[in-house]
Structures are given as structure tokens and as C-alpha cells.
Amino acid sequence: MRDELAIHIASDADIVKARQEGRALAERIGFSGSDLTIIATAISEVARNIIKFAKRGEIVLQRVDRNPRDGILVIARDDGPGIPDIPLAMQDGFTTGHGLGLGLPGCRRLMDEFAIESSVGEGTTVSMKKWVSS
Amino acid sequence: MEVPILKQGHYLIATFQAALTDEDLLKLQDALVERVGKFRSRGVIVDVTALDVMDSFAARTLRALAHMVRLRGADTVIVGVQPEVAFAMVQLGLTLEGVATALDLEEALLLLNSRAKGVGARAR
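Quick note, the sequences are listed as chains Z and E, same order. Going left to right, the first sequence walks through residues 1 to 134 as our numbering numbers them. Going left to right, the second sequence walks through residues 1 to 124 as our numbering numbers them.
Isolated chain Z, as found in the complex (with noise of 0.2 Å):
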């Protein structure tokens, strides 16, 4: 039974993948029902960030270890363009139709923390987790 494991990202099929197996790990760790496609849902959002702005990277997927309750780690992480500016990117489009299209304000309202690295020419490094619920 595989708790880590890395997904190369290089074409839409990938994301397909990513999205499965991380619904699957999702399963193993204890997730279920809407959770188990929020999970998907975010896992699909960021691997297509990947594809469109960096052509490729990986998808990290791992189960954390918590007391009571365990959780899943996914990290997106590629060596594109980069983000110039993080908080524009994490501006909500939900109501007023702006903010930058990545889907990542809502990756964070699907996850429980989020956290976003990012320079300029280097690449970005998208890390989210949740809980399972009690």
C-alpha cells in the first residue's frame, strides 16, 4: 500500500490520473463521500494550472500522519513562468468575475490549509491539505 507517491504532469490525461489516484489515496487515508471529490476537484484545478502555465512538474500526493484524525498532503510544484503576484492570483473571482482564472482562492475555500510559493522565472509550489472529518 503506496501512501506517497508522484505524478508526472505533462498532458491533460495526467490530470485525469492525478485526480484518480489522489481519490484513491483519499480512500485509503479514511476520506469518503464529498470529500473524496473535493479532493479530486482540487488535484484536477491545480494540475491543470500546471499544463497551461508551465507546460509540466509533478503532483505530490502523501498521507499525513495527525492525531486524531489523519489527512492528505498534495503538493503541486513545477519550474514555469512563475507568479508575480500572488495575491491578485488569490483574489476571489466567485461573485465579482474578476481575479486571475487559476482556481486557486477556491482550492483554498476546498482544502483546509493552503499555502502558495511562487518567484518569477523559477516556479511555483502549490501545498494543500485536509483533515479527515470527524
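No wet-lab data here; the hints were simulated from the structure.
Distance windows between CB atoms, simulated:
#1 Z:Pro84 / E:His67: 28 to 36 Å
#2 E:His10 / Z:Asp92: 40 to 48 Å
#3 E:Ile5 / Z:Glu4: 36 to 44 Å
Here a beta-carbon is modelled for each residue, glycine too, at the ideal position from N, C-alpha and C.
Given chain Z, put chain E in place with the hints provided.
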């Protein structure tokens, strides 16, 4: 994985499988827009019951599909958005604005039939 399209009277029915790539979605869009003309279809039903995830690309493609089909003179109804998929879509900020939706195939057929008769001709 290509999406099968069934012809049922004046309507076309496309049923999604779980794992659709972006390319599959775009192919479906092209195929439906083309077949609406070929079969002189009045309506298109897209069944997403089996779809695992509706992300931003899928939602945008479905909206575009519905608008293209509209321009070809037919109506589109999306059916079978699962509760957890609906929940994730709303959290993500995705909408299917301007696109008719129905709970299942039966409701979708009723909706299209009523539109064809010109009664209750309003998207829900």
C-alpha cells in the same frame, strides 16, 4: 475515452464516463454541434451522472457547448450533477449559468418536450 452519442427521436443523448480528458470533452463538443445539424435535432441531453469531477475546464466546456448548440437551433439540458459534485463546484466558484439542468433523463425529456410545444419554455 470517447463519449457515446445516442440519437433518440429529435434528441441527442451523450453520456459521460468517469474519466474524461480535456480532449475528450472538446471532441464531444464538436461532435454534438455537428450532429445537431446532421440529424436536425431539437435538443441535446448531456448526462454527467458518472462524471467524477466537474472542474473549471469541464464547466466552461459545457457552457460553451450549450451556447453553440443554441446557436445551431437546439436546446441543451445537463442532467445528473451529483450532490458532491454540485457541492465542490459551488465551493470552487463554478456555475453552469445560462444552461438548463435537470435531475435525470426523464426530467430532461419532459423539459425538452415542453419547450418543443412552446409551453413552459423557460430554463430552470
